[in-house]
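J.: Take a look at the letters that make up each chain.
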Amino acid sequence: MSKLQILTKGLIKENPTLILVLGTCPSLAVTTSVQNAIGMGLATTFVLMMSNTIISMLKSLIPDKVRIPAFIVVIATFVSIVDLLIQGFVPALAESLGIFIPLIVVNCIVLGRAEAFASKNSVFDSFLDGLGMGLGFTIALFLIGTCRELLGSGSFWGYKLPFVTGDGILVFVLAPGAFIVMGFIIAIVKHFQKAKH
Amino acid sequence: MEYIVMIIGCVLVNNIILAQFLGICPFLGVSTKVNTALGMGAAVLFVMTLATLVTSVIQQYVLVPLNLQFLQTIAFILIIAALVQMVEIILKKISPSLYQALGIFLPLITTNCAVLGVAITVTQKADFTILDSTLYAVSSAIGFALAIVIFAGLREQLELVKVPKGMQGVPIALITAGILAMAFMGFANLV
Numbered sequence: 001m002s003k004l005q006i007l008t009k010g011l012i013k014e015n016p017t018l019i020l021v022l023g024t025c026p027s028l029a030v031t032t033s034v035q036n037a038i039g040m041g042l043a044t045t046f047v048l049m050m051s052n053t054i055i056s057m058l059k060s061l062i063p064d065k066v067r068i069p070a071f072i073v074v075i076a077t078f079v080s081i082v083d084l085l086i087q088g089f090v091p092a093l094a095e096s097l098g099i100f101i102p103l104i105v106v107n108c109i110v111l112g113r114a115e116a117f118a119s120k121n122s123v124f125d126s127f128l129d130g131l132g133m134g135l136g137f138t139i140a141l142f143l144i145g146t147c148r149e150l151l152g153s154g155s156f157w158g159y160k161l162p163f164v165t166g167d168g169i170l171v172f173v174l175a176p177g178a179f180i181v182m183g184f185i186i187a188i189v190k191h192f193q194k195a196k197h
Numbered sequence: 001m002e003y004i005v006m007i008i009g010c011v012l013v014n015n016i017i018l019a020q021f022l023g024i025c026p027f028l029g030v031s032t033k034v035n036t037a038l039g040m041g042a043a044v045l046f047v048m049t050l051a052t053l054v055t056s057v058i059q060q061y062v063l064v065p066l067n068l069q070f071l072q073t074i075a076f077i078l079i080i081a082a083l084v085q086m087v088e089i090i091l092k093k094i095s096p097s098l099y100q101a102l103g104i105f106l107p108l109i110t111t112n113c114a115v116l117g118v119a120i121t122v123t124q125k126a127d128f129t130i131l132d133s134t135l136y137a138v139s140s141a142i143g144f145a146l147a148i149v150i151f152a153g154l155r156e157q158l159e160l161v162k163v164p165k166g167m168q169g170v171p172i173a174l175i176t177a178g179i180l181a182m183a184f185m186g187f188a189n190l191v
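As you go down the protein sequences, you meet chains X and C in turn. For the first sequence, the numbering used here gives the first residue as 1, with consecutive numbering after it. For the second sequence, the numbering used here gives the first residue as 1, with consecutive numbering after it.
Treat the hints as calculated values from the structure; they're not laboratory data. Certain hints may be false.
Claimed, not checked - Here are the in silico distance ranges between beta carbons for each label pair:
1) LEU11/X with LEU190/C: 35 to 45 Å
2) LEU161/X with LEU98/C: 20 to 30 Å
3) LEU98/C with PHE89/X: 43 to 53 Å
4) ASP132/C with SER122/X: 29 to 39 Å
Glycine included, every Cβ here is placed at the ideal spot set by N, Cα and C.
Full structure from sequences and hints, please.
T.: Rendered as structure tokens:
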């Protein structure tokens with residue numbers, strides 16, 4: 001597999017959220033607005049990149065039997081770093097993402113990539129894989145966030161749409177809207193995927 | 001009275017899955033049959049209660065006095081992972097039948113964000129005592145079990161229905177969950 005393929009496979013073909021349906025909790029919970037979605041996506045991308053790189057470096061040192069706890073410690077370290085950085089530099093984002101920043105630790109995408117890719121491949125490949133998967137996750141969050149913000153509050157990135165009056169369809173910002181929007185987006189992605197084959 | 005309000009609040013109003021979006025992976029993954037959903041619910045109830053009890057003790061008597069709150073995420077996830085392993089070993093010895101019933105679900109729980117989520121949530125509530133935290137965990141876990149069992153029932157029915165081709169599988173499950181969440185919104189003003 002070429003370097004470019006490793007980077008781009010996470011974007012669409014093996015998109016972690018829309019195709020593999022991993023990491024569903026943050027993709028439903030923090031996509032009430034585009035800003036939150038992008039913030040969460042980039043935070044996860046950073047963790048994925050760093051943890052993949054470090055785990056790939058340590059792969060020959062970690063005994064096979066305790067690899068999962070070892071991976072979790074590496075991931076938790078980077079999550080704590082991200083958590084403190086966001087609290088320090090973007091307190092508004094920390095406020096709106098809340099508990100979901102520390103919960104990146106249990107995001108199945110991160111542990112999944114560590115186990116499936118970083119523990120078997122070279123350092124640079126693992127870095128690219130983490131970057132690609134993270135950006136794929138960000139794209140998926142961006143799509144869901146855009147739909148929910150447009151329908152739910154009639155705005156995009158916090159700016160009201162022209163010609164729109166009123167508040168939008170509230171249910172799309174609330175919990176049910178998240179499930180329904182994600183359901184339809186996955187259905188659409190599946191449709192295009194089938195059409196391609 | 002305060003406790004009753006908290007239990008109703010956690011189970012119905014702020015349901016951990018349908019309102020707080022924690023533990024969606026097992027909610028979608030192990031909800032194809034009512035029996036497995038019940039097993040998962042029981043395992044989560046067991047682990048979440050224990051984990052929250054231990055983590056809130058650690059938070060109150062170790063992390064806060066030593067000013068180590070920044071280690072919270074690492075400490076909690078390790079405690080939960082160790083606890084799940086320990087519960088597995090103890091159950092295997094003491095009650096093989098329960099171990100058989102919960103067996104496959106226990107390792108899955110380490111990466112269930114609901115457990116870590118509740119453990120972190122209770123530390124953010126300033127006036128929570130350890131008893132409050134444990135009760136919060138128990139009622140959240142009951143809410144988890146309730147939601148996953150109802151959802152499994154719905155999915156069993158869904159198998160008998162003709163679903164449009166593109167919607168089969170995950171999409172229809174998510175939309176069903178959305179409608180279920182809408183039903184739970186009806187409890188909004190209960191407490």
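J.: Is 29 to 39 Å respected by the C-beta to C-beta distance linking ASP132/C and SER122/X?
T.: Distance hint for ASP132/C, SER122/X is violated at roughly 50 Å.
J.: LEU98/C and PHE89/X, beta-carbon distance inside 43 to 53 Å?
T.: 48 Å, holds
J.: How does the Cβ-Cβ distance of LEU11/X and LEU190/C compare with 35 to 45 Å: does it lie in that range?
T.: 44 Å, holds
J.: Go ahead and decide if the range 20 to 30 Å is satisfied by the Cβ distance of LEU161/X to LEU98/C.
T.: 56 Å, violated
The structure fails to meet hints 2 and 4 from the earlier list, while all remaining hints are met.
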